[in-house]
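K.L.:
Each protein sequence line maps, in turn, to chains A and B.
Here the first sequence is numbered in the numbering used here, starting from 1 and rising by one per residue.
Here the second sequence is numbered in the numbering used here, starting from 1 and rising by one per residue.
Honestly, I wouldn't trust all of these hints.
[To be verified] The list that follows gives simulated cross-link-like pairs (lysine to aspartate or glutamate, EDC-like), each with its CA atoms no further than 20 Å apart:
#1 A:K37 <-> B:E225
#2 A:K37 <-> B:D232
#3 A:K115 <-> B:E167
#4 A:K104 <-> B:D172
[Claimed, not checked] Non-contacting residues of chain B with respect to chain A, defined by C-beta distances greater than 10 Å in every case (computed):
#5 P27
#6 Q46
#7 S62
#8 T68
#9 P70
#10 S71
#11 K75
#12 P113
#13 T151
#14 H186
#15 Q190
#16 K193
#17 R203
#18 Q217
#19 R254
#20 M284
Treat the hints as calculated values from the structure; they're not laboratory data.
Owing to the predicted nature of the structure, the values given are computational and were not obtained by experimental measurement.
Idealized CB from N, CA, C, for every residue including glycine.
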Amino acid sequence: MPHLSEPSPSLYSSLDIQTLQADAESTLLKFGTSFNKDIITHASDVFIYTSSGHRILDWTSGQMSCLIGHGHPEVVQTITNHATHLDHLFSGMLSPPVIQLAKKLTDLLPEGLDKAMFLSTGGESNEAAIRLAKIFTGKWEIVGLGQSWHGMTGAAVAAQYHSGRKGYGPPVSILTPILEHSDKADSWKSCSSGSKCV
Amino acid sequence: MSILTKQIPGNHALPAPNAYRSIFRNPDGSYDWETELDYGWKMVDQASCGSLAAVIMEPILSSGGMLTLPSGYLKAMKAHCERRGMLLILDEAQTGVGRCGDLFAFEHEGVVPDILTLSKTLGNGLPLSALVTSNHIAQVSKDKGFLFYTTHVNDPLPAAVGLKVLEIVVRDNLVVRSREAGLKLHSALQVLKSRYGCIGDVRGRGLMAGIEIVADQATKSPTPELGQKLMDRMTELGLSANISTMASFGGVFRIAPPITTSDENLELGLSIMEEAFRSTNGTMPLYTNGEKKT
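Chain A with its partners taken away, still in its complex shape (with noise of 0.2 Å):
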């Protein structure tokens, strides 16, 4: 039971896909997924649309982020609003929402979650989250658990133990000359390739 249905406006309608297929082939990296064939052109709430209008559930919300659906009217508004007036600003700058979600977040959240910070992607997040544990324990081992999945950057991507180690040297890049963490727990020491460090 295939599901055909007209979508609402398409912003890419009469396209050429084979050749879209074709330019895909040769011009996009490889990273770890094959790519589906069908090119979707269109996404509203629940639903997913590929070019030839055929009608897809979309039960992983994307990849598992659109909680409240695809193009919701409130989140397209708050987009256009922003994108028209507030985009991007100097990091050591404030703006209301930045400062309006901090609240609202650790307003929903206990005790003990009480300062946010916010970044781009979940694996920006946890990179952040594991320095914040290193510079505030003074130490710098991280245990993670078998087949998790953390992100591709740096730290995140040690502490990762779902696939993908193989074949780019250590887990976390060392510093030449190496790092010696000494016994005093916030400091560390450069130690230069065959010198001593005390």
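Model the placement of chain B on the given structure of chain A, informed by the hints.
P.N.:
Coordinates of chain B only, in the frame set by chain A:
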């Protein structure tokens, strides 16, 4: 002391809590996660260079096959961390903001992590992530010079989207919706499991579910080819459900629909799933003429 006496770098693994496949068993056959966890920590303690900083983990291991934590597991993990002066980092990329029938999955476990990370669901598809921690950790780290200065830190546009998502989830009571729809989903998937011999296990919570496909329910041997055939058939019929394929693990369908999904669309997805199992060779139906075999 020579630098060569120190081992670098420091990453360690504990066994993933896999109730379906773990070899750690109680005499009655149930999963003995406590012995497994203690055994894992013994290995980590032996391998450690004496600098254990943190555990990072997901409350449901999604990519790893939708593995839910046994009751009491997170509490025991937190105690292991505290004994070693380590922080517990919880990665709620997929589970956070209502997906699993609680606003945050850690609420279900009765444990507050030292650091919480959120991402995927918070931005509803836009690149937005968050790190949240305690006043104490924030203060000590600030004093020690914590640095994470980057181009898109605290950007207004994605933050506004995150704020809107939280407002909508709270205003529209979507956590309750996720919990209730999740009960329907999981009960339907259990029925599906009773109808097809190729379904080894159904797990998850709220609107997050895993269906593990096996060649044989008794031996639990994996059959990634069948999983792939089923996924292709579902796509053909109009349903996208991701299958995770690890050679050692077999295929697990990972389902996480938007929590705004209507009952009608939930039933549509379930009916497509049933049709895919019915019309794909090798799914081992356990019924005849629509009735379950006795």
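K.L.:
The structure should be examined with respect to each hint, and the outcome stated for every one.
P.N.:
Structure-based check of each hint:
{"no.": "1", "hint": "A:K37 <-> B:E225", "result": "holds (19 Å)"}
{"no.": "2", "hint": "A:K37 <-> B:D232", "result": "holds (12 Å)"}
{"no.": "3", "hint": "A:K115 <-> B:E167", "result": "holds (19 Å)"}
{"no.": "4", "hint": "A:K104 <-> B:D172", "result": "holds (16 Å)"}
{"no.": "5", "hint": "P27", "result": "holds (25 Å)"}
{"no.": "6", "hint": "Q46", "result": "holds (13 Å)"}
{"no.": "7", "hint": "S62", "result": "violated (7 Å)"}
{"no.": "8", "hint": "T68", "result": "holds (13 Å)"}
{"no.": "9", "hint": "P70", "result": "holds (13 Å)"}
{"no.": "10", "hint": "S71", "result": "holds (17 Å)"}
{"no.": "11", "hint": "K75", "result": "holds (15 Å)"}
{"no.": "12", "hint": "P113", "result": "violated (8 Å)"}
{"no.": "13", "hint": "T151", "result": "violated (7 Å)"}
{"no.": "14", "hint": "H186", "result": "holds (14 Å)"}
{"no.": "15", "hint": "Q190", "result": "holds (17 Å)"}
{"no.": "16", "hint": "K193", "result": "holds (17 Å)"}
{"no.": "17", "hint": "R203", "result": "holds (14 Å)"}
{"no.": "18", "hint": "Q217", "result": "holds (22 Å)"}
{"no.": "19", "hint": "R254", "result": "violated (7 Å)"}
{"no.": "20", "hint": "M284", "result": "holds (23 Å)"}
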